[in-house]
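Same order as they appear, the protein sequences are chains P and A.
For the first sequence, the residue numbers in our numbering are 1 to 165.
For the second sequence, the residue numbers in our numbering are 1 to 286.
Worth double-checking, as some hints may not be accurate.
To be verified - Keeping only pairs whose Cα atoms sit at most 25 Å apart, straight-line, the calculated SDA-like set for lysine to any residue is: (1) P:Lys72 <-> A:Pro9; (2) P:Lys72 <-> A:Arg8; (3) P:Lys72 <-> A:Gly139; (4) P:Lys72 <-> P:Cys17; (5) P:Lys72 <-> A:Ser56; (6) P:Lys72 <-> A:Arg54; (7) P:Lys72 <-> A:Asp79; (8) P:Lys72 <-> A:Ser83; (9) P:Lys72 <-> A:Leu35; (10) P:Lys72 <-> A:Val7.
Stated by the list, open to error - Using C-beta positions, here's what the derived DEER-type ranges look like: (11) P:Ala126 <-> A:Ala228: 36 to 44 Å; (12) A:Glu240 <-> P:Ile94: 47 to 55 Å; (13) P:Asp31 <-> A:Arg54: 20 to 28 Å; (14) P:Arg32 <-> A:Gly67: 49 to 57 Å; (15) A:Pro162 <-> P:Gln44: 34 to 42 Å; (16) P:Gly97 <-> A:Asp253: 50 to 58 Å; (17) A:Pro173 <-> P:Ile94: 49 to 57 Å; (18) P:Asp31 <-> A:Leu98: 30 to 38 Å.
As the list claims (entries may be wrong) - Residues from chain P that face chain A, not an exhaustive set, calculated with beta carbons under 10 Å: (19) Met1; (20) His22; (21) Ser60; (22) Gln114; (23) His129.
What the hints contain is simulated information worked out from the structure, not anything from laboratory work.
A quick note: this is a predicted structure, and the numbers were derived from the prediction, not measured.
Backbone N, C-alpha and C define an ideal beta-carbon position, used for all residues, glycine too.
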Amino acid sequence: MAERRIAFRLNGREVSCTVRDHETLAAMLRDRFQLYSVRESCAQGLCGCCTVIVDGLAVSGCLYLAPLVDGKSVETVEGLGEEGRLDPVQTAFIEHGAFQCGFCTPGMVLMSHQLLQENPQPDQEAIAHYLSGNLCRCATYPEIVEAVRAAAQGSHVAKEEKSHG
Amino acid sequence: MNAFELVRPTRLEEALEVLSEDPETVRPFGGGTALMLLMRSRLLQPRRLVSLDRVSGLDRLDLDGEGNLRVGSMVRLRDLELSATVERFCPAISRALLTLSNVRVRNVATVGGHLAHGDPHMDLPPILLALGASVVAQGPAGPRQIPLDQLYLGYYATSLQPGELITELVIPPLPEGTRGSYLKATALSADDWPMAGVAAFFRLEQGRIVEPRIAVSAATTTPVRLPAVEAALAGEAPSEALFSEAGRLAGRDLHCLSDLRGSAAYKREVVRVYVRRALQQVWAGR
Ligand SMILES: Cc1cc2nc3c(=O)[nH]c(=O)nc-3n(C[C@H](O)[C@H](O)[C@H](O)COP(=O)(O)OP(=O)(O)OC[C@H]3O[C@@H](n4cnc5c(N)ncnc54)[C@H](O)[C@@H]3O)c2cc1C
Ligand code: FES
Ligand code: FES
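Okay, chain A solo, but in the shape it has when bound (with noise of 0.2 Å):
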């Protein structure tokens, strides 16, 4: 690893006048276990951290007056996982954390810094651009919010300008009887990061389909929605041939990447069964 200098702000105007500096060279330090393994392989040599540890008012997790569930950027994955209110909010993202990555990454990992990484193979962000979600993020210019779909540019290219934190994600409620599921696929091994990622959810209303929210990752260069798969299921009567049938068109038009974890055309055969399985589980109520 380069040499660096850590600093530890203890207020957030503090750390965002540090970060204005020279955004090239100063990059902002979450729980730092996606930094470490760039500088580790000196993809990525700074020269100052700016560790966002010791910033009050970034773990604030709970419900605001609208019932947004709002998370502080550095709340720890862990934190996520064994709440009892992100499970009673939405179980797919208490699931799903128990199977991204290991519990030691998770002690450490960040909201913030996960949703700052613009790494496609990562699991929250589909499943949170499905729900809706937006950040808060905070720069030279002001407080701005921005919805996850218009977060992530590109293979780890998001629209966050340089020097500016995300200090908050702001996940609306869900409308009653919605439910949900996560699935993802791995390639290299059981634990591995996502190859492909999918989240699902749906609410029955008179036995038909009622706002269908796909969105699919990891095999993508982003985490995207898939909208003419749920104009499909919009309104119809959920079946297997329903499901299969949404699983097809997921994958027919996904523009997917070849990389070390299986060629496009796998990627999108995994898709195709991933979406149906899915949409399955959702229907299963599990």
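Chain P extracted, bound-state conformation (with noise of 0.2 Å):
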């Protein structure tokens, strides 16, 4: 079985390991990382619950392959924010109760945070089209877009503070 070895980020550290050429990412991140956060369901690019950042892109991880990543940076939802510090994203999230059973909760907090790298300020249409790829069995989407708006609010207004010194 053809397998190798491949070195790259893994959020934010310098990783290696030896995959098998037709490992897909999530099983690489979940078995070789015991990275749990990124989940695979529909196993179609559908979902969004195996939602990974390669290279600053979202990307289903379900539907990539793992040697692809050799040289890349990958990260899951355990690298955003700090040591004791959660992102943005996430403490909306909580705030806003956006989530019930929390298993589509990793793969919505990323491509949110993706899109507000994206787009600061997106407004509900703009959100709900990015999110339109993520789907919430416990349908809290009120409760998501919500959280979202009010995480770009917020990045927005702590922007504001530091800017004004």
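Mind assembling these two chains? They're in different frames, but the hints should get you there.
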């Protein structure tokens, strides 16, 4: 069975491991790095539970081959925020109760984080559009949209405070 | 998924060489979004995959000297969506991309894979067919240009030869004043793959329709132009009645497939309505 040694940046840390050529990124992150926030549900690119950021772009870990991250930078929700401090999106999700069972939450948080990188002040339509490939079985969609708006507001305010010194 | 070997050549010649080994069990891998679905459901069990992600020279996205838009086969759909060049060249393409699958798939899926797959339920082929686009293919026998109306032979069947790769998409410039629209109907959910897609383009000269181009996909086994509908529109003054008639003609003779997204009769009815609406949109300049 074909396998290879790969090295990449995982949540800010240089790591390396051996992967099988046909291993998915989601399987590698769970089985070899115990990153259980990456969850495979539909295995078809539809639900977003397996969302991973590769070189700054959101991908479906279920449809991405692990060997392809060699030399790249990979981020999961475990890498958001800093030690002891959550990312504004995470805080907003908690404050707005934007989950029930929490299964979809890592993917929702990562996608929302990506959205705010690309578009710091999205309106409701932009949020719904960007998150249309993420499904929440508990249907906490209204709370999620509210949380993303609040996170946008929050990071906006935080930035202004900083710039006013 | 079955075990396979992944190769990542850096030069096109290398990629073509590996592909020529045995086109039956060796497959090119663009973004892999379609391949992964096929392999995960075991519909496809390749022995080797040739990833094109490191092959140099497949990522151009610009206008050539003749004003053709040239898109390398490894350009990601999301780059196409966000490109100001594409938006200026043909806003209908940029708009269609917004509802093509989701952000994660568009971040990874490539133009070459999108065009080579031959799945009729794809959003860009009908638009590109209406625009008279072609692809450049490179294979053991050298390069050749394939117009889109000769690329799609049937359901998941293309005229690409074994071992041949798409290297570029070429879209000729639209005559000044041409406007276009792409509408799709989805059946299983709002963001499902299209059950019917309609692309419509025309321009007006002295109040008359010039060079109308209508293409339909998803409801049909391949994307198709509708010459009879185009003929009925050419030279006429736009009106609601004319567009209704065009829709009626479009739905009347179309050969549709019945599948889980709808019966053939239902799809013909949807095409009738969507051709009319697409034409209305072009006219209204939206
Ligand atoms: C969840 C989901 C939803 C989707 N929804 C939509 C939708 O609404 N509308 C839509 O249009 N599409 C949709 N798609 C399909 C998507 O557009 C295709 O999967 C994608 O465009 C394929 O591109 P790729 O680069 O990933 O192809 P790959 O999977 O890499 O390849 C596809 C095929 O082309 C071959 N190939 C790849 N590159 C080349 C090349 N350069 N030359 C020759 N052959 C090549 C491969 O061997 C394979 O046979 C959806 C896909 C997913 C996963
Ligand atoms: S498990 Fe990957 S998108 Fe659903
Ligand atoms: S919170 Fe349960 S799936 Fe979203």
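Now for the hints, and whether the structure bears them out:
Of the supplied pair hints, the one linking lysine 72 (chain P) and proline 9 (chain A) holds, its CA atoms being roughly 17 Å apart against a limit of 25 Å. Between lysine 72 (chain P) and arginine 8 (chain A) the alpha-carbon distance is near 15 Å, which keeps this suggested pair within the 25 Å criterion. Between lysine 72 (chain P) and glycine 139 (chain A), the direct Cα distance comes to roughly 30 Å. Violation of the 25 Å bound is thereby established for this hinted pair. The straight-line distance between the Cα atoms of lysine 72 (chain P) and cysteine 17 (chain P) is roughly 13 Å, inside the 25 Å bound, and the hint therefore holds.
As the CA atoms of lysine 72 (chain P) and serine 56 (chain A) are separated by approximately 18 Å, the hinted pair is consistent with the 25 Å bound. Pair hint lysine 72 (chain P) plus arginine 54 (chain A) holds up; C-alpha atoms about 13 Å apart against a cutoff of 25 Å. Restraint check: the Cα-Cα separation between lysine 72 (chain P) and aspartate 79 (chain A) comes to about 19 Å, which is no more than 25 Å; the hinted pair holds. With a CA separation close to 24 Å, the supplied pair lysine 72 (chain P) and serine 83 (chain A) stays within the 25 Å bound.
For the given pair, lysine 72 (chain P) sits about 22 Å from leucine 35 (chain A) by alpha-carbon distance, which is consistent with the 25 Å threshold. With a C-alpha separation of about 17 Å, the suggested pair lysine 72 (chain P) and valine 7 (chain A) falls inside the 25 Å cut-off, and the hint holds. A hinted range of 36 to 44 Å for the beta carbons of alanine 126 (chain P) and alanine 228 (chain A) is consistent with their spacing of about 41 Å. Look at glutamate 240 (chain A) against isoleucine 94 (chain P): about 53 Å separates their beta carbons, and that is inside 47 to 55 Å.
Our hint of 20 to 28 Å for aspartate 31 (chain P) and arginine 54 (chain A) holds, since their Cβ atoms are close to 26 Å apart. Taken as a hint, the range 49 to 57 Å holds for the pair arginine 32 (chain P) and glycine 67 (chain A), whose Cβ atoms sit roughly 50 Å apart. Take proline 162 (chain A) and glutamine 44 (chain P): their Cβ atoms lie about 28 Å apart, and the range 34 to 42 Å is violated. Evaluation of the 50 to 58 Å hint for glycine 97 (chain P) and aspartate 253 (chain A) yields a pass: the beta carbon distance comes to about 55 Å.
Between proline 173 (chain A) and isoleucine 94 (chain P) the C-beta distance comes to about 52 Å, which sits within the given range of 49 to 57 Å. The given range of 30 to 38 Å is respected by aspartate 31 (chain P) and leucine 98 (chain A), whose C-beta atoms sit roughly 36 Å from each other. Given the 10 Å rule on beta carbons, the hint for methionine 1 (chain P) holds: about 5 Å separates it from the nearest Cβ of chain A. At about 5 Å, the closest approach between the beta carbon of histidine 22 (chain P) and any beta carbon in chain A falls short of 10 Å, and the interface hint on this residue holds.
Interface hint at serine 60 (chain P): satisfied, since its Cβ lies 5 Å from the closest Cβ of chain A, which is below the 10 Å cut-off. Taken as an interface hint, glutamine 114 (chain P) checks out: its beta carbon lies about 8 Å from the nearest beta carbon of chain A, inside 10 Å. For the restraint placing histidine 129 (chain P) at the interface with chain A, the shortest Cβ-Cβ distance is roughly 7 Å, inside the 10 Å limit, so the hint holds.
Checked against the numbered hints above, the structure breaks hints 3, 15 and satisfies the rest.
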